[in-house]
Structures are given as structure tokens and as C-alpha cells.
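A.B. asks: From just these sequences and the hints, can you work out the full model?
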Amino acid sequence: MAPMRTTPMLSVRNLRSRYGRIEALYGIDLEVNAGEIVTVVGANGAGKTTLLRCLSGVQPASAGSIEFHGHNITKLPAHRRVGLGLAQSPEGRQIFTNLSVEDNLRLGAYLHGDERYDQDREDAFNMFPILKEKRYQLAGGLSGGQQQMLAIARALMSRPNCLLLDEPSLGLAPILVAQVLDAVKSLRSLGVTLLLVEQNAFAALSIADRAYVMETGQITMSGAASDLIADPRVREAYLGL
Amino acid sequence: MSEFLQFAFSGMTVGAVYALVALGFTLIYNASDVVNFAQGEFVMIGGMVTAFLYASGTPLWLAALLAIAIAAVVGVLLNKLAVEPARGASVVSLIVITIGASIFLRGLAAIVFDKQIHRFPAFTGEDPIGIMGATIVPQSLWVVGGGLAIFAALYVFLTKSVIGKAVLATANNRLAAKLVGINTNHMMTLSFGISAAVGGLAGVLATPITLTSYDMGISLALKGFAAAMLGGMGSPLGALVGGFLIGLIEQMTAGYLSSEYKDAAAFIVILVVLFTMPRGLFGPRVAERV
Numbered sequence: 001m002a003p004m005r006t007t008p009m010l011s012v013r014n015l016r017s018r019y020g021r022i023e024a025l026y027g028i029d030l031e032v033n034a035g036e037i038v039t040v041v042g043a044n045g046a047g048k049t050t051l052l053r054c055l056s057g058v059q060p061a062s063a064g065s066i067e068f069h070g071h072n073i074t075k076l077p078a079h080r081r082v083g084l085g086l087a088q089s090p091e092g093r094q095i096f097t098n099l100s101v102e103d104n105l106r107l108g109a110y111l112h113g114d115e116r117y118d119q120d121r122e123d124a125f126n127m128f129p130i131l132k133e134k135r136y137q138l139a140g141g142l143s144g145g146q147q148q149m150l151a152i153a154r155a156l157m158s159r160p161n162c163l164l165l166d167e168p169s170l171g172l173a174p175i176l177v178a179q180v181l182d183a184v185k186s187l188r189s190l191g192v193t194l195l196l197v198e199q200n201a202f203a204a205l206s207i208a209d210r211a212y213v214m215e216t217g218q219i220t221m222s223g224a225a226s227d228l229i230a231d232p233r234v235r236e237a238y239l240g241l
Numbered sequence: 001m002s003e004f005l006q007f008a009f010s011g012m013t014v015g016a017v018y019a020l021v022a023l024g025f026t027l028i029y030n031a032s033d034v035v036n037f038a039q040g041e042f043v044m045i046g047g048m049v050t051a052f053l054y055a056s057g058t059p060l061w062l063a064a065l066l067a068i069a070i071a072a073v074v075g076v077l078l079n080k081l082a083v084e085p086a087r088g089a090s091v092v093s094l095i096v097i098t099i100g101a102s103i104f105l106r107g108l109a110a111i112v113f114d115k116q117i118h119r120f121p122a123f124t125g126e127d128p129i130g131i132m133g134a135t136i137v138p139q140s141l142w143v144v145g146g147g148l149a150i151f152a153a154l155y156v157f158l159t160k161s162v163i164g165k166a167v168l169a170t171a172n173n174r175l176a177a178k179l180v181g182i183n184t185n186h187m188m189t190l191s192f193g194i195s196a197a198v199g200g201l202a203g204v205l206a207t208p209i210t211l212t213s214y215d216m217g218i219s220l221a222l223k224g225f226a227a228a229m230l231g232g233m234g235s236p237l238g239a240l241v242g243g244f245l246i247g248l249i250e251q252m253t254a255g256y257l258s259s260e261y262k263d264a265a266a267f268i269v270i271l272v273v274l275f276t277m278p279r280g281l282f283g284p285r286v287a288e289r290v
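Protein sequence lines, in the order shown, are assigned to chains A and B.
Mind the numbering: the first sequence is residues 1 to 241 in this note's numbering, read in order.
Mind the numbering: the second sequence is residues 1 to 290 in this note's numbering, read in order.
Hints are not guaranteed to be accurate.
What the hints assert, rightly or not - So, partial list: chain A residues that the calculated Cβ filter (under 8 Å) puts toward chain B:
{"id": "1", "residue": "Gly83"}
{"id": "2", "residue": "Asn98"}
{"id": "3", "residue": "Leu181"}
Claimed, not checked - Dumping the calculated SDA-like pairs for lysine to any residue here, alpha-carbon to alpha-carbon at most 25 Å:
{"id": "4", "chain 1": "B", "residue 1": "Lys160", "chain 2": "A", "residue 2": "His112"}
{"id": "5", "chain 1": "B", "residue 1": "Lys262", "chain 2": "B", "residue 2": "Glu3"}
{"id": "6", "chain 1": "B", "residue 1": "Lys160", "chain 2": "A", "residue 2": "Tyr117"}
{"id": "7", "chain 1": "B", "residue 1": "Lys80", "chain 2": "A", "residue 2": "His71"}
{"id": "8", "chain 1": "A", "residue 1": "Lys134", "chain 2": "B", "residue 2": "Val162"}
{"id": "9", "chain 1": "B", "residue 1": "Lys115", "chain 2": "B", "residue 2": "Leu65"}
{"id": "10", "chain 1": "A", "residue 1": "Lys75", "chain 2": "B", "residue 2": "His186"}
{"id": "11", "chain 1": "A", "residue 1": "Lys75", "chain 2": "B", "residue 2": "Gly88"}
{"id": "12", "chain 1": "A", "residue 1": "Lys132", "chain 2": "B", "residue 2": "Leu158"}
{"id": "13", "chain 1": "A", "residue 1": "Lys75", "chain 2": "B", "residue 2": "Pro85"}
{"id": "14", "chain 1": "A", "residue 1": "Lys132", "chain 2": "B", "residue 2": "Ile163"}
As the list claims (entries may be wrong) - Beta-carbon label-pair distances, calculated as ranges:
{"id": "15", "chain 1": "B", "residue 1": "Gly145", "chain 2": "A", "residue 2": "Ala34", "range": "54 to 60 Å"}
{"id": "16", "chain 1": "B", "residue 1": "Thr276", "chain 2": "A", "residue 2": "Gln218", "range": "55 to 61 Å"}
{"id": "17", "chain 1": "B", "residue 1": "Ile95", "chain 2": "A", "residue 2": "Ala43", "range": "37 to 43 Å"}
{"id": "18", "chain 1": "A", "residue 1": "Asp118", "chain 2": "B", "residue 2": "Gly133", "range": "53 to 59 Å"}
{"id": "19", "chain 1": "A", "residue 1": "Gly83", "chain 2": "B", "residue 2": "Arg279", "range": "42 to 48 Å"}
{"id": "20", "chain 1": "A", "residue 1": "Glu115", "chain 2": "B", "residue 2": "Gly133", "range": "18 to 24 Å"}
{"id": "21", "chain 1": "A", "residue 1": "His71", "chain 2": "B", "residue 2": "Lys160", "range": "32 to 38 Å"}
{"id": "22", "chain 1": "B", "residue 1": "Asp33", "chain 2": "A", "residue 2": "Ser62", "range": "26 to 32 Å"}
{"id": "23", "chain 1": "B", "residue 1": "Gly100", "chain 2": "A", "residue 2": "Arg13", "range": "42 to 48 Å"}
{"id": "24", "chain 1": "B", "residue 1": "Val272", "chain 2": "A", "residue 2": "His71", "range": "57 to 63 Å"}
Source of the hints: derived by calculation from the structure; they are not laboratory data.
A virtual CB, placed ideally from N, CA and C, is assigned to each residue, including glycine.
C.D. replies: Encoded structure:
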């Protein structure tokens, strides 16, 4: 029997998580469909990063469920989720600082053999040419923006069909924000579905299809990105307009 | 001259043992930032198991292989039973756990084996070879050759193989390692297993010269630690060079000053290294932006 409607690629139901006794997520419901760019915007401390950490499996969920391609992955360890095609480009400088840029990329393709590596690496270098220039340097010596690009490129090396992007514009100069977001947008044409978490709400809403607004561990608004960017409450609270 | 050469030969021999202990430190340190003070006990296990199996009639080569395998199993168990359950504890706590494990293993060895000193015959005869007025026993060549071979193998493993890079990545950033699909628990288990096997091999190679007993691990761990510090913690080349240097310094001190001061030499080196060049000779020099 054919399903009435296509199941979402990523489906989150009533997800809760806590750090010790402090609750960080109070029941999140969220869906990402194949081919979409979905963004979660919200202020610092709203729980956006915790949400992504739960999705990638480095932070345990205390209740609720996460389904990916129809499989319940709520209890699956992080390294197994990468194998299913769910990859995270973490916030900040979560790269391997004592390895070369190229070794970082090679480890991004850790779950794959060598045969696809050369092509994937070339694709990454085309997307971020500066990484090719610095390929033999230690990643710890890259600038903040370059480390951010490396983190995204490394996540792409695992050939994800869903990429979780945490604050790709954080700490970047405006010209780099545009460059990184262009790269993010171009991922859709490669068939990668995106869940983008951003404090820079305007940038995120301008490239996303749909958006969720998060406040203190809860989703408070959701809808088409173009609607939210026009919503007076969003404009006042997050866009400073 | 022949006197100097003689001290140099014995320095190279004990140095190779220290280098093997230091290489064991290097691998676990690279995977976890933990200095495993039970490393000397792996050497003891290698020597004791070989000695007992050989005494019970097992061929020497088989006894040696079994001893290395048993050391590796003990290493894996150490990680599974003592280190992994304490995951999330500070590095200092983990180091204290390894010190506790080394005391436990020493006590266990005293019960399972005994408190006597043991040895087994050298692999290729005991007749010393004369070189320019000094002599060297053939087993010394085995020890030095073993040290060099293990260094080369570890170097290739860590810098050329993807699994080796994954070990380095696990130590550098455990969170990011998980996010690229590395099973970080496996990496820890692997490095404890290999490290213990290297330690066991050191015991197998060295026992015909140094003899072995249940409590020989602690001084080896400290000398190996001095070697790893001098060479630069985490660097396989540093472990090799540091091991040979500590061995040479120790034997020269014993020869030209007094064998009473032999053991002090390694610890004076630790102090000098910590005061003047805490990263050691070949330690990592990562310029991290903060």
C-alpha cells in the first residue's frame, strides 16, 4: 500500500534532553523533508545546538524520538548515524587541530574506502579553494573562517544525504558569511538535505525553505521561511527591524 | 675507548627497552591523552608468561607469542574494565586509575607466578661478540632491532594509515571524531591492545638480559616515562630517541660515576626537561589559534 504522503527524511517527536538536572529541550517537534533547506533560528542559549547534538547522537535524548528515513535512531550511537547518511558540521572549531587539512578531509571519509576519496576531495577543494592552498598545513593554524569551511567540507566527505549545520556563520567576517552561505545553498543541487541552525536569522531565513523559531528549549513558531521573514514578531525579535 | 664502547653497548640495549616502553606510552597517549603507568606491567607480563610457559615445556617461540597475546588481552581488559567505565573523568583521574591498575597487576603476578627472579635462554646463543675491545651479547641486537622495528611500524601506522589517523583524531577531538563516524571506544581499545602487545614484546626480548620478576614494571614505567618526556610525549620518534638517550645517560653514569647513581640519572633528566623544554625534543608544536 502506498503511503498517503511521503514520510519526512528526518522526523523529531517530543524530543527532550537535559544536562544533569537542567532541562535544555522541552519537547521539540520538527520535520525535514528530502531536498529541503530547513533552518532553526533563535537567540543564544535557546537550545539550538543541544537540538543538533541530540540529532547527531553526541547528546542523549531523555524522552521522545528521532526517526531518520523511517528508522528510529534515538538510541543509536553517534558514529553509526554518520553511516546512515546523517552528518553534522559542528559549531565552532571542532576540527582535528593536530592533523593536516587533508587528513581532516580523509577522516571525514572515514567510513568510505579510498576509491571515492579523490573525487570527493576535489569537490571539496572546488567548493572551498582556500583549503586546497592550505592542504598540507596543520588545521590548528587556519583562521576561524577557514576552520569553519574545513568543518563543513569534512562533514560533506561522509556523503551525507542530510547535513546538520551548526552556526556556519559564527564569528565570520560578512564577506565570508556570504561565501559560506553560498556554498551551503549550492549543497541542495548536490542532493543534500539541510538542517541549518543559526543565530544570524536573516541570513538563514533568506536561504531556507522552511523555518522553526526556538526559544528556551521550545519551538515557538514555524512556517515557510518567506512568511517568517515577513512576520512582525520575528522581524522585531531576531532581525532587529 | 673500549670502555666507552662497552658502556655505549649496554646503554643502547637498556635504551631499546626504555624506547619500547615509551612507544607504548605514545600510542595510548595519542589516543586518549592518558599516560598509562601500567605500561611497565605489560613488559613484566611478557617476560613472566614466556618464562613460565618455557619452563613448562612450551617451545620458546610459542611461549613468546602467547605471552605477547596475553599482554594484549590484559591491555584490552584494562581499558574495558578500568578506563572506559571512567569515561568523562579528568585525565589526571585516569592516570591515577592506571597507577592503581599497575599495583593490582603486580600483586596478581606475585600470586599467579611467584616472587622469584626468572629468565629464559637468549634467542640466538649467549656467546658475546667482540667489537673493538668491547663485547655485546647477541640478544642485545634483538632488543635494539625490535625497538627500531616497532618504531617504524608505529610511525607508518600513525602517519599513513587511516585507522592510525583516526587514533590521533580521537585524542585530539573526541566529539569531532564521533561526528565523522569513528567509534572512539574501539580506538581506545585498539591503542591499549597494541600498546600492551608492544610492552609484552619488550619483555620477551629483554628478559634474557635483564631477567624478570613480578615487580620489575614500576622502574621500567618510570624510565620509559622519562624517555617519553625527553623525546616529547606523543611522538614515536621522540620515544625512540628518548629511550636510547636515557639508556646511554644511565649506563654512562653507572660506568663513569657510580652505579649507585644510575637510577637517579633518568629522574634528573625528567626534571631538566620539565624546567627547560616541557615539550621535549620532538614534542608537537601546534600553533593553535584561540
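A.B. asks: If a hint holds in the structure, say so; if it doesn't, say that too.
C.D. replies: We went through each hint and held it up to the structure:
Interface hint status for Gly83(A): upheld, as the beta-carbon distance to the closest one in chain B is roughly 6 Å, under 8 Å. Nearest Cβ of chain B to the Cβ of Asn98(A): about 5 Å, under the 8 Å cut. The hint holds. For Leu181(A), the shortest C-beta to C-beta distance to chain B is roughly 21 Å, which exceeds 8 Å, and the interface hint is violated. Straight-line distance between C-alpha atoms of Lys160(B) and His112(A) comes to about 16 Å, which keeps the hinted pair within the 25 Å bound.
Simply put, Lys262(B) and Glu3(B) have alpha-carbon atoms about 17 Å apart, close enough for the 25 Å limit, and the pair holds. A C-alpha spacing of about 15 Å is found between Lys160(B) and Tyr117(A), which places the hinted pair at or below 25 Å, so the restraint holds. For a cut-off of 25 Å, the pair hint linking Lys80(B) to His71(A) is broken: about 30 Å separates their Cα positions. Between Lys134(A) and Val162(B), the direct Cα distance comes to roughly 20 Å. Compliance with the 25 Å bound is thereby established for this hinted pair.
Our distance criterion of 25 Å between C-alpha atoms is met by Lys115(B) and Leu65(B), whose separation comes to about 23 Å. A threshold of 25 Å between alpha carbons decides the hint, and for Lys75(A) with His186(B) the separation of about 18 Å falls inside it, so the pair holds. Distance check on the hinted pair: Lys75(A) and Gly88(B) sit about 19 Å apart at the alpha-carbon level, within 25 Å; holds. Note on Lys132(A) and Leu158(B): the hinted pairing holds, with a Cα-Cα distance of about 23 Å set against a maximum of 25 Å.
Among the hinted pairs, Lys75(A) with Pro85(B) is consistent with the structure: their alpha-carbon atoms are about 19 Å apart, no more than 25 Å. Of the supplied pair hints, the one linking Lys132(A) and Ile163(B) holds, its CA atoms being roughly 23 Å apart against a limit of 25 Å. A hinted range of 54 to 60 Å for the beta carbons of Gly145(B) and Ala34(A) is consistent with their spacing of about 58 Å. For the pair Thr276(B) and Gln218(A), the supplied restraint of 55 to 61 Å holds, since their beta-carbon distance comes to about 56 Å.
For the pair Ile95(B) and Ala43(A), the beta carbons lie near 41 Å from each other, so the given range of 37 to 43 Å is met. Asp118(A) and Gly133(B) have their C-beta atoms about 57 Å apart, which keeps the hinted 53 to 59 Å range intact. Between Gly83(A) and Arg279(B) the C-beta distance comes to about 37 Å, which lies outside the given range of 42 to 48 Å. Hint check: Glu115(A) to Gly133(B), Cβ distance near 59 Å, so the stated range 18 to 24 Å is violated.
Distance hint check: the CB atoms of His71(A) and Lys160(B) are about 36 Å apart, consistent with the given range 32 to 38 Å. Evaluation of the 26 to 32 Å hint for Asp33(B) and Ser62(A) yields a pass: the beta carbon distance comes to about 29 Å. The hinted window of 42 to 48 Å between Gly100(B) and Arg13(A) holds, with their beta carbons roughly 45 Å apart. With their beta carbons about 58 Å apart, Val272(B) and His71(A) fall inside the hinted range of 57 to 63 Å.
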